[in-house]
Each structure stands twice: as structure tokens, then as C-alpha cells.
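Asks: If you count the sequence shown from 1, you need to add 45 to reach our numbering.
To be clear, the hints were calculated from the coordinates, so they are not data collected in a lab. One or more hints might be untrue.
Claimed, not checked - DSSO-like cross-link-like pairs, simulated, lysine-lysine; straight-line CA separation at most 30 Å:
id: 1; residue 1: K107; residue 2: K225
id: 2; residue 1: K219; residue 2: K107
id: 3; residue 1: K107; residue 2: K165
id: 4; residue 1: K165; residue 2: K144
id: 5; residue 1: K225; residue 2: K165
id: 6; residue 1: K107; residue 2: K144
id: 7; residue 1: K225; residue 2: K144
id: 8; residue 1: K107; residue 2: K218
id: 9; residue 1: K144; residue 2: K219
id: 10; residue 1: K144; residue 2: K218
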Amino acid sequence: MVMYAPRRSVSFRIVAMALLFGLAACSHLCGTTKPAPDKNAPRAQLSIGYSLLYQEADGIPKLKWLLMFKDKPEEMSRLTDDLVSYYQHLAETMRRLSKEFPAMRIDVTPMSEIEGDERKAIGEDLAKDLAPVVGKTGMEFEREALLTFYNSLNEQIHLTGVMITRETDPALKKFLRITKAQLEAHYAQVGALLNRRYFTH
């Protein structure tokens with residue numbers, strides 16, 4: 046199990062979300078999404094969840110440009126490439142399902158404007174840390190990038206877990222179960238690499 050201070054865990058979770066929303070999903074936050082009607086209704090709550098998951102899945106592959114020009118070990122490179130490919134496939138699947146099942150909405154605004162602006166600002170700071178040439182390098186860069194993925198996966202695992210309990214459509218419930226299992230597998234892989242190379246025991 047990867048061990049690090051709780052404050053660091055919370056900060057990286059926020060940073061991961063910030064990077065996704067600030068750098069990758071800005072178009073969704075800047076007017077292309079619609080507020081969910083009656084946010085307290087069960088289906089509206091699920092729409093927020095699906096939209097949040099979709100924005101992350103659609104956004105993470107856009108981090109590739111931050112990673113591709115950085116020197117990194119082959120094992121990390123292979124793992125991050127796999128993650129980018131997985132999220133590309135997840136976003137494509139969600140777009141397809143949203144057309145087949147009107148109950149799955151991926152176009153609602155999942156957070157307030159001020160939350161979006163806050164996360165965008167934090168994401169811009171993280172982008173500087175990970176940027177080619179001027180950003181962090183070596184072990185420090187590798188650890189920060191992997192922790193960003195690690196905590197994003199953790200958040201998504203819990204999000205899909207909560208959604209499974211609320212989803213009533215059998216096909217969408219199956220999609221959530223499969224997605225949760227896939228996220229857990231990737232989470233375990235990233236955690237194993239962090240433990241093996243980047244944390245002292």
C-alpha cells in the first residue's frame with residue numbers, strides 16, 4: 046500500500062482534478078455544458094456524476110503533451126501510455142452510450158463557476174511543474190506525475206462506486222461496474238510502481 050501524508054493525498058487529489066478541468070476540459074466549463082434540472086433528483090445527480098467522469102476521461106489524454114517530451118523510465122512511459130489510451134477509450138464509450146441511452150447525460154455542469162476557476166488556476170500551476178524544459182525533472186517529476194494519476198483514479202473509483210448504488214438502468218449499471226473494475230486495476234498498477242520506485246520502506 047502506498048504511504049504518504051493525508052494532506053499530500055488531499056492536495057494531489059485537488060491538483061489532479063484541477064489539471065483535468067483547467068487544462069483539458071475548459072471547453073466544458075466555459076459554456077458548452079448545461080445545468081442539470083432539479084439537482085436533488087436521483088437522475089440529475091447521476092447526470093452530474095457521468096458528466097464529471099466524462100470530463101476527466103476526455104481531459105486526461107490531453108495531458109499527453111506534458112509527458113511525451115519528458116525523460117522517464119520505460120516502465121513509467123509504458124504505464125502512462127496505457128492510461129492515456131484507456132481514458133481515450135472510456136471517453137469514446139461514454140459518448141456512444143450517451144447517444145444510445147438518454148438517461149446517461151454527459152453534458153451537465155458538475156461544479157460551480159468559482160470551483161471551476163479555482164481548479165483551473167491550480168491546474169495552471171501544476172502544468173508549470175510538469176512542463177517540458179522548465180518544469181521538474183527526474184524522480185521529482187516522475188513521482189508527481191504518477192501521484193496525479195494515482196489520486197485521480199482513486200477519486201474515479203469512489204465516484205463510480207457511489208453511482209452504481211444509484212443507477213437503475215441495468216445496462217448503465219453494468220457499464221459502471223466494468224469501469225470501476227478497470228479503474229481499480231489501473232490504480233493497483235500505478236500504486237505498485239509508486240511503492241517499488243518512489244517511496245522508501
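Asks: Does the structure break any of the earlier hints, and which numbers would those be?
Replies: Every hint satisfied by this model.
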